[in-house]
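Visitor: As a plain string of letters, each chain reads:
Protein chains: 2
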Amino acid sequence: MSKKTIAVLGGTGNLGHALAWRWARAGYPVIIGSRTAEKAAAAAAQINARTGLQSATGTDNRAAVASAAIVVLAVPYAAHRDTLETVLPALSGQIVVDTTVPLRPPKVSTVQLPAEGSAAVQTQACVAGRARVAAAFHNVAAGLLDTEAEIHCDVLVTADDVEARKEVMQLAEDAGCHALNAGVLANAAASEALTSVLIHINKTYKSGHAGIRITGL
Amino acid sequence: MSKKTIAVLGGTGNLGHALAWRWARAGYPVIIGSRTAEKAAAAAAQINARTGLQSATGTDNRAAVASAAIVVLAVPYAAHRDTLETVLPALSGQIVVDTTVPLRPPKVSTVQLPAEGSAAVQTQACVAGRARVAAAFHNVAAGLLDTEAEIHCDVLVTADDVEARKEVMQLAEDAGCHALNAGVLANAAASEALTSVLIHINKTYKSGHAGIRITGL
Numbered sequence: 078m079s080k081k082t083i084a085v086l087g088g089t090g091n092l093g094h095a096l097a098w099r100w101a102r103a104g105y106p107v108i109i110g111s112r113t114a115e116k117a118a119a120a121a122a123q124i125n126a127r128t129g130l131q132s133a134t135g136t137d138n139r140a141a142v143a144s145a146a147i148v149v150l151a152v153p154y155a156a157h158r159d160t161l162e163t164v165l166p167a168l169s170g171q172i173v174v175d176t177t178v179p180l181r182p183p184k185v186s187t188v189q190l191p192a193e194g195s196a197a198v199q200t201q202a203c204v205a206g207r208a209r210v211a212a213a214f215h216n217v218a219a220g221l222l223d224t225e226a227e228i229h230c231d232v233l234v235t236a237d238d239v240e241a242r243k244e245v246m247q248l249a250e251d252a253g254c255h256a257l258n259a260g261v262l263a264n265a266a267a268s269e270a271l272t273s274v275l276i277h278i279n280k281t282y283k284s285g286h287a288g289i290r291i292t293g294l
Numbered sequence: 078m079s080k081k082t083i084a085v086l087g088g089t090g091n092l093g094h095a096l097a098w099r100w101a102r103a104g105y106p107v108i109i110g111s112r113t114a115e116k117a118a119a120a121a122a123q124i125n126a127r128t129g130l131q132s133a134t135g136t137d138n139r140a141a142v143a144s145a146a147i148v149v150l151a152v153p154y155a156a157h158r159d160t161l162e163t164v165l166p167a168l169s170g171q172i173v174v175d176t177t178v179p180l181r182p183p184k185v186s187t188v189q190l191p192a193e194g195s196a197a198v199q200t201q202a203c204v205a206g207r208a209r210v211a212a213a214f215h216n217v218a219a220g221l222l223d224t225e226a227e228i229h230c231d232v233l234v235t236a237d238d239v240e241a242r243k244e245v246m247q248l249a250e251d252a253g254c255h256a257l258n259a260g261v262l263a264n265a266a267a268s269e270a271l272t273s274v275l276i277h278i279n280k281t282y283k284s285g286h287a288g289i290r291i292t293g294l
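Protein chains in written order, with the working numbering: chain X, 78 to 294; chain P, 78 to 294.
Excised from the complex, chain X in its bound form:
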């Protein structure tokens, strides 16, 4: 069975780029999305050079979404709503994987969840039935994902749609991570909030790559 095409919006940023590279390496066709198609194409070329494959392409965010079955949202929180509104007309049944952490600079080590409960729930309200929304990858350090390093951080995957949750857990595994079923989309509040705690811990304990692991399983 051929692998589904993954669009990574914000694929020129640290997390998006690292995930796109890992999926390209695992044999997925990857489309890098960006506000400017040129930057996206340059990022795709970098990934192809690194994998030795020609499986990554780059284009603007909306065109990327139109050609993909999986849409990974990896833009900063400040660009979250705008990006969603831009791609909305191109959404029709895809799975949207929201990686957004609602950080509000300068207090990035303080949890400041939105009134809706989480960025993921905001996304679900915004796409309003045009796509199934899952959330994941909030706690994995992009700097680690971008290397050959083994990932010791569990990926908590949440979604209301059970099939979407399963597919995204598989995507996380294919990116070399250990995925866990963390329940309904509202539970993304936990992993989104944890990121500020990890930022605080990185600063306090002089680590660069704090993550989490579920114990007792």
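Keep in mind that the hints were calculated from the coordinates and are not lab data.
Treat the hints with caution; some may be incorrect.
Put simply, identical chains are the same to the list, so a pair is met inside one copy or across any two.
Under the rule of at most 30 Å between Cα atoms (straight-line distance), these lysine-lysine pairs were calculated in the DSSO-like manner [unchecked claim]:
#: 1; residue 1: Lys-243; residue 2: Lys-280
#: 2; residue 1: Lys-243; residue 2: Lys-184
#: 3; residue 1: Lys-283; residue 2: Lys-184
#: 4; residue 1: Lys-243; residue 2: Lys-80
Add chain P to chain X, keeping to what the hints say.
Guide: Same frame as chain X, but now just chain P:
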């Protein structure tokens, strides 16, 4: 230096009882608080029988608070506000350690944080300067704490007051847990939310004692 007296409100419940026993064993004078002094006294007698010490006593919640330097709030969320209001007149400079997880049955495996952001922040608003509030112990399984088992779950400790945070980290270590400085009190949202995820994971992966560990340190 003699150890500070710890009042455990809800010390007749699973988590409170287990913590009180661990602290009694570690040499702390412990006062079990309950709505009824008789139940509290019975729980204290159990703890004394188990430790072989006479360091635990039991009384009603307000009297317990009046005699303690540390007040641990370990009541169900439904009793959270009432308990705080009952003991409010007895608060004057103590450290309040809030262990409350804002679970709303029947959906206990769905994150449902209060509008204020967390139970801990609600507590801080309620005590309004009469005590310094810290939050901890949301993710440790009471069933494990109540045994001699080694605890593999990290305890995330949050507080705005840096000294209170440090003291509560020491209390967690003295209860046989590994404590981590998790930042300001607002960050309790992360550990409170995580509990619903852990309940979901316990159910999904047939575990009884899922916990978390911070990796990458």
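Visitor: Each of the hints needs a verdict: does it hold here or not?
Guide: Here is how each hint holds up against the structure:
With identical chains, the CA atoms of Lys-243 and Lys-280 are at most 30 Å apart between copies only, with a shortest distance of 16 Å across copies and 34 Å within one. When the C-alpha separation of Lys-243 and Lys-184 is checked against a cutoff of 30 Å, the pair qualifies only between copies, where the shortest distance is 21 Å, while the shortest distance within a copy is 34 Å. Taking identical chains as interchangeable, the C-alpha atoms of Lys-283 and Lys-184 lie at most 30 Å apart only when both belong to the same chain, with a minimum of 18 Å there against 38 Å between chains. Proximity of Lys-243 to Lys-80 under the C-alpha cut-off of 30 Å is restricted to the intra-copy arrangement: shortest distance 15 Å within a copy versus 50 Å between copies.
When the structure is compared with the earlier hints, no violation turns up for any of them.
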